[in-house]
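**Q** Residue strings, one per chain:
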Amino acid sequence: MALLTAPRGPRVRRTAPEARLGRTIALAPAVVYFLVPLLCALAFTVGLGDPRQKPSLDAYTAIFTTDGLAQSLGLTLLLAGATIILVFGLLLPALLAVRLVAPRAKALVAVVCMLPLVVPAVALGAGITTVLRWATDWLYDTPGFPLLASLQQPAFPVILVLAYALMALPLAYTTLEAGLNAIEVKVLVEAARSCRASWFRTLFLVILPNLRDALLNTAFLTIAMVLGEYAVSALLGFQPFAVWTVAISGSHAQLSVAVSMVGLIGTWLILLAVAKLGRSKASKETS
Amino acid sequence: MTAFTLDPRPASAGTAGATLEFRGLRRAFGATMALDGLNLTLNPGEMLALLGPSGCGKTTALRMVAGFETPDSGEVLLDGVDVTGTPAHRRDVGMVFQSYSLFPHLSVTDNVAFGMRMLGTPAARRRARAQELLELVGLPTQGGRYPRQLSGGQQQRVALARALALEPRVLLLDEPLSALDAKVRQSLREEIRRLQLELGITTLFVTHDQEEALSIADRVAVMRDGRLEQCATPEELYNSPATPFVAGFVGTMNRLPGRLSSDGALVDVLGLSRPVQGSLHGRDGTADVDVLVRPEALTVSAAPDGPAQLVAASFLGATTRLTLRLHGGREAVADVPTTHASTLPTGARIRLGLPERPVLIDQARNEETTA
Numbered sequence: 002m003a004l005l006t007a008p009r010g011p012r013v014r015r016t017a018p019e020a021r022l023g024r025t026i027a028l029a030p031a032v033v034y035f036l037v038p039l040l041c042a043l044a045f046t047v048g049l050g051d052p053r054q055k056p057s058l059d060a061y062t063a064i065f066t067t068d069g070l071a072q073s074l075g076l077t078l079l080l081a082g083a084t085i086i087l088v089f090g091l092l093l094p095a096l097l098a099v100r101l102v103a104p105r106a107k108a109l110v111a112v113v114c115m116l117p118l119v120v121p122a123v124a125l126g127a128g129i130t131t132v133l134r135w136a137t138d139w140l141y142d143t144p145g146f147p148l149l150a151s152l153q154q155p156a157f158p159v160i161l162v163l164a165y166a167l168m169a170l171p172l173a174y175t176t177l178e179a180g181l182n183a184i185e186v187k188v189l190v191e192a193a194r195s196c197r198a199s200w201f202r203t204l205f206l207v208i209l210p211n212l213r214d215a216l217l218n219t220a221f222l223t224i225a226m227v228l229g230e231y232a233v234s235a236l237l238g239f240q241p242f243a244v245w246t247v248a249i250s251g252s253h254a255q256l257s258v259a260v261s262m263v264g265l266i267g268t269w270l271i272l273l274a275v276a277k278l279g280r281s282k283a284s285k286e287t288s
Numbered sequence: 011m012t013a014f015t016l017d018p019r020p021a022s023a024g025t026a027g028a029t030l031e032f033r034g035l036r037r038a039f040g041a042t043m044a045l046d047g048l049n050l051t052l053n054p055g056e057m058l059a060l061l062g063p064s065g066c067g068k069t070t071a072l073r074m075v076a077g078f079e080t081p082d083s084g085e086v087l088l089d090g091v092d093v094t095g096t097p098a099h100r101r102d103v104g105m106v107f108q109s110y111s112l113f114p115h116l117s118v119t120d121n122v123a124f125g126m127r128m129l130g131t132p133a134a135r136r137r138a139r140a141q142e143l144l145e146l147v148g149l150p151t152q153g154g155r156y157p158r159q160l161s162g163g164q165q166q167r168v169a170l171a172r173a174l175a176l177e178p179r180v181l182l183l184d185e186p187l188s189a190l191d192a193k194v195r196q197s198l199r200e201e202i203r204r205l206q207l208e209l210g211i212t213t214l215f216v217t218h219d220q221e222e223a224l225s226i227a228d229r230v231a232v233m234r235d236g237r238l239e240q241c242a243t244p245e246e247l248y249n250s251p252a253t254p255f256v257a258g259f260v261g262t263m264n265r266l267p268g269r270l271s272s273d274g275a276l277v278d279v280l281g282l283s284r285p286v287q288g289s290l291h292g293r294d295g296t297a298d299v300d301v302l303v304r305p306e307a308l309t310v311s312a313a314p315d316g317p318a319q320l321v322a323a324s325f326l327g328a329t330t331r332l333t334l335r336l337h338g339g340r341e342a343v344a345d346v347p348t349t350h351a352s353t354l355p356t357g358a359r360i361r362l363g364l365p366e367r368p369v370l371i372d373q374a375r376n377e378e379t380t381a
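Chains R and C supply the protein sequences, listed in that same order. Sequential numbering of the first sequence, starting at 2, is according to this note's numbering. Sequential numbering of the second sequence, starting at 11, is according to this note's numbering.
Please keep in mind that the hints were generated in silico from the structure rather than gathered at the bench. Model, not experiment: these values are computed from the prediction. Cβ coordinates follow ideal geometry from the N, Cα and C atoms, glycine included. There could be a bad hint or two in this list.
Stated by the list, open to error - Heads up, incomplete: computed chain C residues facing chain R, CB under 8 Å, no partners named:
{"id": "1", "residue": "G104"}
{"id": "2", "residue": "M105"}
{"id": "3", "residue": "F113"}
{"id": "4", "residue": "P114"}
{"id": "5", "residue": "P132"}
{"id": "6", "residue": "R135"}
{"id": "7", "residue": "F255"}
To be verified - Here are the in silico distance ranges between beta carbons for each label pair:
{"id": "8", "chain 1": "R", "residue 1": "V32", "chain 2": "C", "residue 2": "Q159", "range": "47 to 57 Å"}
{"id": "9", "chain 1": "C", "residue 1": "A133", "chain 2": "R", "residue 2": "F205", "range": "12 to 22 Å"}
{"id": "10", "chain 1": "C", "residue 1": "R158", "chain 2": "R", "residue 2": "F205", "range": "34 to 44 Å"}
{"id": "11", "chain 1": "R", "residue 1": "G90", "chain 2": "C", "residue 2": "Q159", "range": "26 to 36 Å"}
{"id": "12", "chain 1": "C", "residue 1": "G90", "chain 2": "R", "residue 2": "P94", "range": "32 to 42 Å"}
{"id": "13", "chain 1": "C", "residue 1": "R158", "chain 2": "R", "residue 2": "V32", "range": "44 to 54 Å"}
{"id": "14", "chain 1": "C", "residue 1": "G90", "chain 2": "R", "residue 2": "F205", "range": "33 to 43 Å"}
{"id": "15", "chain 1": "C", "residue 1": "A374", "chain 2": "R", "residue 2": "V112", "range": "52 to 62 Å"}
{"id": "16", "chain 1": "R", "residue 1": "W200", "chain 2": "C", "residue 2": "A133", "range": "15 to 25 Å"}
Whole structure, please, built from the sequences with the hints as guidance.
**A** Listed below in structure tokens is the structure:
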């Protein structure tokens, strides 16, 4: 009891040597599994161990001057942004409606959202290609044809946004559902409504701020998925970042891997930023 | 605690609260009839408690006033104006929920000021007003904290301040004390009543706790299966229940075997003759009835030839509840001063007495004695 009630000094973490050893043994394979390929990739990009060249950072400096990278990366980020907006626009109203007015639809929404998990990206890409071909035949010489063509503009292929949104649904559903489970949506909505908030203000001033972490996580996962998506984009003939990286690897192998490394580090930085945002909010509320 | 400085309006002034009226409210959830033609009127400045067991429709009725439920038929009127179709955010009612329902991402001050923010009150004004309200509910220094840093009782005080911030015409309290421990519950209950009287705000208080309802409300409406059983002052409800359900639900009631006189004016109970105050059922011609007697109305004394036997005693503080076995195996309970109860050993023969006043009777039920 004395220990429990004694004033706390600075916290000193003490770990038993056995526990430290156990933790090391458990973590070592994971560290090796993740770090070895990364170190090999890093060594490859700087030319370490290659007797034909001197080690250099040329592959990294070339990132900023290589043709096509800026366009493909810009397109990918644009697609990621549009995908995030579409996913939020589809999922948030559906998940809120399930909680507020149609709780019986919960299972149906869950099944629909998780369904893309069992559809391979290649099958999705092949399916979309087939549908677009049929649609072209059917809509040719009709007012719908320009709309169909606008879905496939290389500058901003809306068809990819639709496909990405579908592929991101399981991730987004899981994350948003976890976020919604952590708050009492119905009670908060009713409390806000009894404080004279309209539906719009209730959503933007009460629900969304309490879903901040879930929204950030969803956005991060969607960006990561879009950055790395290759199969559907390649099958439909567009060249976002992942497709460009593979395309460039034939002629500039080191550059391709260097770009991937930078992309990976960028993704980690976003992840850290998301985690830090969450932590700063938590510490502010508990201080 | 700082004295209230916002706009105290005593109930006697009769200007603050609105008249709230339920007219023939019906609502079914599938095959379950949650409300079955509820008619009820709350007078301006009155606090009325809706009391009943779970599923009796009391919360549904309250949510209809708030605008969170729509009746299948019937109307909700505020000062005579039908608000049944008015959206929740335009109803001018404040609500305190069972589960606190504070906005977790906002500080205490911002929670209290939230409604004023929705109405476009300038920031400085709403901060000052939020501070006044926090002083009113006894939390003058907690404005900068977040809900999760407060205890349950403190959170509910903040929720009360938030509900009062917009000076609503009607205050709705949906079992606001049920998540709190007994001591906090009692102090907050008294505080709610004090505030309600100070502000003179018409208040509908939903609870399943009869003690809470009887102690806080001007009138108590007892509901069962979507219907109103009785609406009366706490005293009337306790002393003159209108139905067997109310008699059994509000407080503890002994059912002692009695026999009516031929003209039905007197009843013979425990060997004593008492005038009949009223009957909870229509007279069906049978002479055997149950006489309804509260535990505190029974007097007990040790007597070797007494008709009852003391089987158990429960210490309640100033009083002790004695469980007595009557002839035929029926049991009755009597609340007697602890000083007197301590002189009666378990197993002792007991003589029971009744005060000289009219008694309530009901149809005889042989299977039970207390309800």
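**Q** Each hint needs a verdict: does it hold in this structure or not?
**A** Hints versus structure:
The interface hint given for G104/C holds, since its Cβ lies 6 Å from the closest Cβ of chain R, which is under the 8 Å cut-off. Hint status for M105/C relative to chain R: holds, with the closest Cβ pair at about 4 Å, below 8 Å. Of the supplied interface hints, the one on F113/C holds, with its beta-carbon coming within about 6 Å of a beta-carbon of chain R, less than 8 Å. The restraint placing P114/C at the interface with chain R holds, with a minimum CB-CB distance near 6 Å, inside the 8 Å limit.
Because the beta carbon of P132/C sits about 16 Å from the nearest beta carbon in chain R, more than 8 Å, this interface hint is broken. With 8 Å as the threshold, the beta carbon of R135/C stays out of range of chain R, its nearest partner Cβ sitting at about 16 Å, so the hint is violated. Taking 8 Å as the C-beta cut-off, the interface hint given for F255/C is violated, the closest approach to chain R being about 30 Å. Restraint check, V32/R to Q159/C: a C-beta distance of roughly 38 Å breaks the suggested window 47 to 57 Å.
For A133/C paired with F205/R, a C-beta distance near 18 Å keeps the hint of 12 to 22 Å intact. Taking the beta carbon of each, R158/C and F205/R are about 22 Å apart, not inside 34 to 44 Å as hinted. The given range of 26 to 36 Å is respected by G90/R and Q159/C, whose C-beta atoms sit roughly 35 Å from each other. Look at G90/C against P94/R: about 38 Å separates their beta carbons, and that is inside 32 to 42 Å.
Taking 44 to 54 Å as the suggested C-beta distance range, the pair R158/C and V32/R does not conform, at roughly 36 Å. The beta-carbon spacing between G90/C and F205/R, approximately 35 Å, falls within the hinted interval of 33 to 43 Å. The hinted range of 52 to 62 Å is satisfied by A374/C and V112/R, whose Cβ atoms lie roughly 58 Å apart. For W200/R and A133/C, the Cβ-Cβ distance of about 24 Å falls inside the hinted range of 15 to 25 Å, so the restraint holds.
Checked against the numbered hints given earlier, this structure breaks hints 5, 6, 7, 8, 10, 13; the rest are met.
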